[in-house]
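Colleague: Residue numbers (my numbering), protein chains in the order written: chain A, 11 to 277; chain B, 7 to 212.
Careful, some of the hints might be misleading.
[Unchecked claim] Every beta carbon over 10 Å from chain B, so not counted as near; a handful from chain A, in silico: (1) L72; (2) G87; (3) F129; (4) W166; (5) P181; (6) F196; (7) L211; (8) I231; (9) Y242.
[To be verified] 27 Å max Cα-Cα, derived BS3-like pairs, lysine-lysine: (10) A:K235 / A:K82; (11) B:K156 / A:K123; (12) B:K156 / B:K47; (13) B:K156 / A:K235.
No lab work stands behind these hints, which were simulated from the structure alone.
By construction, the Cβ of each residue, glycine as well, lies at the ideal position given by its N, Cα and C atoms.
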Amino acid sequence: MRLHHPNPTLASKAFAVSALAVGALSLSACATRPPASDVEATQDFEQTNDPLEPTNRFFYKLDDTLDTYTLKPVAQGYVAVVPAPVRTSVHNVLANLSSPVLFADDVSQANPKHAGDTFMRFLINTTAGGAGLFDVAKDWGYPAHTTNFGVTLGLWGVPAGPYLYLPFLGPSSPRALLGRGADTVFDPFTWVPRGHGLLTLNWARYGLGVVDTRAAYLSDIDHVKAGALDPYATFRSLYRQNTQSQVEAARHPAPVTPPAGTEQPAH
Amino acid sequence: MNTVLTRRSVLTYAAAASVLALCSGIRPASAQGSSADAFLKQFADELVGIVNGPNPAAQKKAALGPVIDSNVDVAKIARFCLGRFWATATPAQQAQYTTMFHQVLLNEISGHLGDYRGVSYTMTGDSMQGSQTLVGTMITRPNAPTADVKWVVDSSAGAPKIVDVIAEGTSMRLTQRSDYASYLSQHGNDISALLAALQRQLGNAG
Numbered sequence: 011m012r013l014h015h016p017n018p019t020l021a022s023k024a025f026a027v028s029a030l031a032v033g034a035l036s037l038s039a040c041a042t043r044p045p046a047s048d049v050e051a052t053q054d055f056e057q058t059n060d061p062l063e064p065t066n067r068f069f070y071k072l073d074d075t076l077d078t079y080t081l082k083p084v085a086q087g088y089v090a091v092v093p094a095p096v097r098t099s100v101h102n103v104l105a106n107l108s109s110p111v112l113f114a115d116d117v118s119q120a121n122p123k124h125a126g127d128t129f130m131r132f133l134i135n136t137t138a139g140g141a142g143l144f145d146v147a148k149d150w151g152y153p154a155h156t157t158n159f160g161v162t163l164g165l166w167g168v169p170a171g172p173y174l175y176l177p178f179l180g181p182s183s184p185r186a187l188l189g190r191g192a193d194t195v196f197d198p199f200t201w202v203p204r205g206h207g208l209l210t211l212n213w214a215r216y217g218l219g220v221v222d223t224r225a226a227y228l229s230d231i232d233h234v235k236a237g238a239l240d241p242y243a244t245f246r247s248l249y250r251q252n253t254q255s256q257v258e259a260a261r262h263p264a265p266v267t268p269p270a271g272t273e274q275p276a277h
Numbered sequence: 007m008n009t010v011l012t013r014r015s016v017l018t019y020a021a022a023a024s025v026l027a028l029c030s031g032i033r034p035a036s037a038q039g040s041s042a043d044a045f046l047k048q049f050a051d052e053l054v055g056i057v058n059g060p061n062p063a064a065q066k067k068a069a070l071g072p073v074i075d076s077n078v079d080v081a082k083i084a085r086f087c088l089g090r091f092w093a094t095a096t097p098a099q100q101a102q103y104t105t106m107f108h109q110v111l112l113n114e115i116s117g118h119l120g121d122y123r124g125v126s127y128t129m130t131g132d133s134m135q136g137s138q139t140l141v142g143t144m145i146t147r148p149n150a151p152t153a154d155v156k157w158v159v160d161s162s163a164g165a166p167k168i169v170d171v172i173a174e175g176t177s178m179r180l181t182q183r184s185d186y187a188s189y190l191s192q193h194g195n196d197i198s199a200l201l202a203a204l205q206r207q208l209g210n211a212g
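Isolated chain B (complex conformation):
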């Protein structure tokens, strides 16, 4: 009796789901992909709006902060970039590092975008990569070749968040991790040396 009920409810659910999918025109397989697409489109529109706006660089940077914070999983990227050294850092070092990384990332992004004007983009489709979605964009700037930029969107923690940017085949977080790992290996794997270097970098950036 129980099994019949279960099977029937499963069948009913499946039928309902397929009708729903047909009606709304959404293919179930790409549901996660299209939600990541929609998320990224909203983020990219916000970003492009700020970048192309008339405000001076400092104001643009201030406006970028909240947009980055609500759409990018900075803590997750920070942890990834420290790689195997995350486990050897003390909780205090981890906290200090994450705070500084956040600032470094913001400086980096606003430093790059500050040069841009008249940016536009097109979406080029998405693909799944494990639990993450790779959303493709083509970014066009005046007097520059179009750039192929892919965004890695992770939805495992609920709300979708960006965890990596892959520009012309180069991953931002992999490059950053390689930079930190190399700096650490040149400085006796001493995390406080890395923290001091980040502090100097932030100081230079003003």
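Okay, chain A solo, but in the shape it has when bound:
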């Protein structure tokens, strides 16, 4: 039995996630399709594209409960106890560690500006920024950005597919899941031979990453939950729109400098 030695590599984690998703797909009950005579309801149904809604809702409820009693208090404690500059540095180190993956994604999106930014950021922040603790590259004209391979797949014309809500991972789609797998493959840490040092590093990186992300969204998530009659549907809509806009933004990269005549008057 491997119970005493859980395999912590990211590759196996990605595999476990995929297996879980497939399991969820096969176990799931399906949302009822409205009758074809109701044209508008059918349009809504297709636009929502959530055939696994009952299963997704089950996992959403599970995650929401777990979040309320574990992750959210941890993130709140993190914000309360750890001073802001330290939290910023933690975030910077995590972002710097994911630079190789980001670089691969930038290249796959054929975005030389972003790829150059990522390359220079990694170089500058790893050295002058003290192993990534400080984001000095930002002030030197290399701003941060994020993307992932799911966006690349969207850029290549792969449809998002049905909405998925995955336990512990949240809103997703088959395309996003595939992208996640690819990003795991791009990550050099996936391929470093296993040892106790790496095991600790990977867990710490993963754990801190979850808390860092949750802490960044503390008030946003509270606002959505307070303002929504059906938070599940609201998160679904926000996720879908945001993913779509990321693909659109990757398709039309913003000009490096704003076009002439659009600057704000001085006063």
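Using the hints, position chain B against chain A.
Modeller: Chain B only, in chain A's frame:
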């Protein structure tokens, strides 16, 4: 004779228009865009003035009300958010819904803005979207990443009014419509259930 006159008057008009455009430096194609820009700038300045002001949250909320009412087409957004259910609602339900939606929107906006201090913004240009203008802004808050917020300004009814806010690619009215549609489908498409839920929401917000 008539056609000559018409053609001449058209030519004269065109010449006059181009001279006018040259003199004032306004390109005719972007006239609607720049008026939407000017409208939004005035609105955003008012908003930022209230948000960054020294008053307590309750007073800020009271000050926001009139600014929202005169710049945002709340009735139009309300109708959009109810989607296909608007047609199935009775006139009384429509009226009750619009009134409550107005309050919900105000709570939502003041709830969000109440947390902000030291807000500043820059305009990032506009683009046409059918009869509407998409005005881009970058909003900066202390200790938060800059947010890309686009405002949809509709001038079809005369005076320009805001009909949607798109923050980081997510449209406020689309998200709200999806929320209501989903709530309704979970509650047998019963509009009175939605109205009751909105009533509870307003009650909770105090």
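Colleague: Against each hint, give a clear statement of whether it holds in the structure.
Modeller: Hint check results:
1. Distance check for L72 (chain A) against chain B: the nearest CB is about 18 Å away, which clears 10 Å, and the non-interface claim stands.
2. Listed as outside the interface, G87 (chain A) is consistent with that label: its C-beta sits roughly 19 Å from the nearest C-beta of chain B, beyond the 10 Å cut-off.
3. Separation of F129 (chain A) from chain B is adequate, the least Cβ-Cβ distance of about 21 Å exceeding the 10 Å criterion.
4. The non-interface label for W166 (chain A) is consistent with chain B: the shortest C-beta to C-beta separation is roughly 19 Å, beyond 10 Å.
5. No Cβ of chain B approaches the Cβ of P181 (chain A) within 10 Å, the least distance being about 12 Å, so the stated non-interface status holds.
6. Consistency note on F196 (chain A): stated as away from chain B, and its beta-carbon is indeed over 10 Å from all of that chain's, at 24 Å minimum.
7. The non-interface label for L211 (chain A) is consistent with chain B: the shortest C-beta to C-beta separation is roughly 27 Å, beyond 10 Å.
8. A cut-off of 10 Å between C-beta atoms confirms that I231 (chain A) is not in contact with chain B; the least separation is 13 Å.
9. Against the 10 Å criterion, Y242 (chain A) falls within the reach of chain B, whose nearest CB is about 7 Å from its own CB.
10. Between K235 (chain A) and K82 (chain A) the alpha-carbon distance is near 13 Å, which keeps this suggested pair within the 27 Å criterion.
11. A threshold of 27 Å between alpha carbons decides the hint, and for K156 (chain B) with K123 (chain A) the separation of about 24 Å falls inside it, so the pair holds.
12. With a CA separation close to 12 Å, the supplied pair K156 (chain B) and K47 (chain B) stays within the 27 Å bound.
13. With a C-alpha separation of about 23 Å, the suggested pair K156 (chain B) and K235 (chain A) falls inside the 27 Å cut-off, and the hint holds.
When the structure is compared with the earlier hints, a violation turns up for hint 9 alone.
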